[in-house]
Amino acid sequence: MRLHPAKKILLHVGVILAIGVLAFPIVLLVFNSLKTEVDIFASPMGPPTQVTWANYRQVLFETSFFTNLKNSAIVAAATVLLSVIVTAPAGYALSRFRFLGRTVFSMWLLATQSFPGIIMVLGLFAVLTAYSLLNTLPGLIIMHTSFSMPFAIWLLKGYFDKIPVALEESAQIDGCTRLQSLVKIVLPLSVPGLLAVATFSLLLSWNEFFFALVIMRDNAHYTLPVFLSRFLGSGGVVQWGPLSAAALLVSLPVFLLFLLGQRYLVTGLTGGAIK
Amino acid sequence: MRLEPLSEVRRALPFLTPALLVLCCVSLFPLIQGIGRVFYAYRALTQENVFVGWENFTLLVQDPTFWRAFSNSAIWLATSVAMMFLLSYGLATMLNSRHLHFRRGFRAMTLIPWALPGVVISLTWRYIFLTNGPLNSVLSAMGVANPPAWLTNPGLALWTCIIANIWMQIPFVTIMLLAGLQSIDQQIVEAASMDGANYFQTQTRVILPSIKKVVLIVLTLESIWTLNSFDIVFVLTKGGPGSASITLPLYAYQNAFMYYQAGYGAAIGVVILAVLLTAVVLYIREVMD
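Here the protein sequences line up with chains P and X, keeping their order. Following the working numbering, the numbering of the first sequence begins with 1 at its first residue and continues without gaps. Following the working numbering, the numbering of the second sequence begins with 1001 at its first residue and continues without gaps.
Don't read these hints as lab results, they were simulated from the structure. Incorrect hints may appear among the rest.
Unchecked claim - Computed cross-link-like contacts, SDA-like style, restricted to lysine to any residue with a CA-CA straight-line distance of at most 25 Å:
#, chain 1, residue 1, chain 2, residue 2
1, P, Lys162, X, Ala1274
2, X, Lys1213, P, Phe105
3, P, Lys70, P, Arg178
4, P, Lys70, P, Ser229
5, P, Lys162, P, Trp108
6, P, Lys184, X, Arg1011
7, P, Lys7, X, Met1109
8, X, Lys1213, X, Lys1238
9, P, Lys7, X, Gln1201
10, P, Lys157, X, Val1281
11, X, Lys1213, P, Gly101
12, P, Lys162, P, Lys70
13, X, Lys1213, P, Asp161
14, P, Lys7, X, Ala1197
15, P, Lys157, X, Ala1197
16, X, Lys1212, P, Leu110
17, P, Lys162, X, Lys1212
18, P, Lys157, P, Arg263
19, P, Lys162, X, Ser1183
20, P, Lys162, X, Ser1210
21, P, Lys8, X, Leu1100
22, X, Lys1238, X, Gly1155
23, X, Lys1212, P, Ser106
24, P, Lys8, X, Ser1183
25, X, Lys1238, X, Met1109
26, P, Lys8, X, Val1022
27, P, Lys8, X, Val1206
28, P, Lys157, X, Ala1192
29, P, Lys162, X, Val1206
30, X, Lys1238, P, Ile26
31, X, Lys1213, P, Val266
32, X, Lys1238, P, Ser229
33, P, Lys157, X, Leu1216
34, P, Lys7, X, Arg1098
35, P, Lys157, X, Ile1217
36, P, Lys7, X, Arg1011
37, P, Lys157, X, Thr1046
38, X, Lys1213, P, Ser95
39, P, Lys162, P, Pro192
Go ahead and model the full structure; you've got the sequences and the hints to work with.
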């Protein structure tokens, strides 16, 4: 089928317009991070009339950026590791065993997605206080892991389903235990799936705001999203230049990792949904 | 194959234990604890939590701010999800077209906002909507005499937040729908148009039913995320001016962490939970059929 040339042009204009709308706020952010405070409101839309690095210098050397960066990095790395360790066996069990309560378990996983943050936080305060985990990074790591679990398990189950059981059966005849066949046969074949889980839980943990805000009590424990929100202060004047620089610095690490991992994430996410 | 549920449980359990442990500690137990809080209230006078039965709920139904938050959340949910679905469906259809050049590049670019932290996105939109910000500078240049104060006008604040939310969710919805569209056999679509189906009929009778599963999971997840969403309203308007743009999660947060009424906040949370569990049950019933 041929498409009318006018329609074809319209199609391209439509897509470019849509992507322009999606990218424009980010372009603004980049512009603002390089502008002086006066320049930002003198020409809100345009590129900087004079490029300044003062905003970046201020964020890097005059704020607690590196402390909060360290917190975010620890929490995200631990969340990724813990997510993979916890969800790989669970995904394997869902894929390979027809156990009683399998459906209930899957539904419970989906239902956890809908639990309102406020109830979970109020309930968790009791748990976290009991184990002295309030205002600590491990408390937040366990929380973030629990958020990434439903999606991660669902995604990995989809991957494991595609790996022929016959591969494992022959290994088991040779004396391989179930755990060994998971670690030695199934996991090496599911590297794209594991990368998808890693990318997903990394994004989730790095970007999560609400729990990081309420569980942590002082700046020494805040993660980067909370660090950013503190630029808004309480009603005072917002310094948009340094704020934009900080926002870009916070986004940069995950953005780069996202570019590397997005291929796996997209096939992983969508693969499970289509079948 | 004959099912042996009990022996299968014994074999599956070692693999499920870590996940079950995490789920019980940070999902099941806190949920029960959190719901339990609705029966308690903090009395400032004696500085203690006392059992009050259903009092938090009877206060809730008489609280005009709660009803404001409730109707705001209903508008927020319905408009956001409907608009993000329509826009993403349009974009996904365009990205799926065989006549589009640089398809891979365009698809990758669509995803960019997804990688940014919600707080960064919210802050950027707060800047765009400032009274002396970029949007109004464009409107002035186009000859609008008095561009509105988007964030502080009671009639606009909520809609401003909705626009930011739609923008933020479009990448995820588009990519999911696009994957669905790619799985459709083009011959079916061509057969439909040869049988005389017009564009609208092809979309609603052929394409949408073929991607029903993706549509359902996307709508369910987006409904959950949108109703529970906190970052955008918190950063853009803090629910203001007054309570013009307050939503249920924000009002619950304010009660629990600013007014020290954890029980009242939990009661609002239970209202959200009830709505969302209904959505999840509807989804499961639809999928199980």
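Results for each hint:
no.	hint	result
1	Lys162/P x Ala1274/X	violated (36 Å)
2	Lys1213/X x Phe105/P	holds (20 Å)
3	Lys70/P x Arg178/P	violated (38 Å)
4	Lys70/P x Ser229/P	holds (17 Å)
5	Lys162/P x Trp108/P	holds (24 Å)
6	Lys184/P x Arg1011/X	holds (18 Å)
7	Lys7/P x Met1109/X	holds (22 Å)
8	Lys1213/X x Lys1238/X	violated (36 Å)
9	Lys7/P x Gln1201/X	holds (20 Å)
10	Lys157/P x Val1281/X	holds (22 Å)
11	Lys1213/X x Gly101/P	holds (23 Å)
12	Lys162/P x Lys70/P	violated (38 Å)
13	Lys1213/X x Asp161/P	holds (18 Å)
14	Lys7/P x Ala1197/X	holds (20 Å)
15	Lys157/P x Ala1197/X	violated (39 Å)
16	Lys1212/X x Leu110/P	holds (18 Å)
17	Lys162/P x Lys1212/X	holds (22 Å)
18	Lys157/P x Arg263/P	holds (18 Å)
19	Lys162/P x Ser1183/X	holds (17 Å)
20	Lys162/P x Ser1210/X	holds (22 Å)
21	Lys8/P x Leu1100/X	holds (8 Å)
22	Lys1238/X x Gly1155/X	holds (15 Å)
23	Lys1212/X x Ser106/P	holds (20 Å)
24	Lys8/P x Ser1183/X	holds (23 Å)
25	Lys1238/X x Met1109/X	violated (31 Å)
26	Lys8/P x Val1022/X	violated (52 Å)
27	Lys8/P x Val1206/X	holds (23 Å)
28	Lys157/P x Ala1192/X	violated (35 Å)
29	Lys162/P x Val1206/X	violated (28 Å)
30	Lys1238/X x Ile26/P	holds (23 Å)
31	Lys1213/X x Val266/P	holds (17 Å)
32	Lys1238/X x Ser229/P	holds (12 Å)
33	Lys157/P x Leu1216/X	holds (20 Å)
34	Lys7/P x Arg1098/X	holds (13 Å)
35	Lys157/P x Ile1217/X	holds (17 Å)
36	Lys7/P x Arg1011/X	violated (59 Å)
37	Lys157/P x Thr1046/X	violated (53 Å)
38	Lys1213/X x Ser95/P	holds (20 Å)
39	Lys162/P x Pro192/P	holds (12 Å)
Hint check: violations occur at hints 1, 3, 8, 12, 15, 25, 26, 28, 29, 36, 37; the rest are consistent with the structure.
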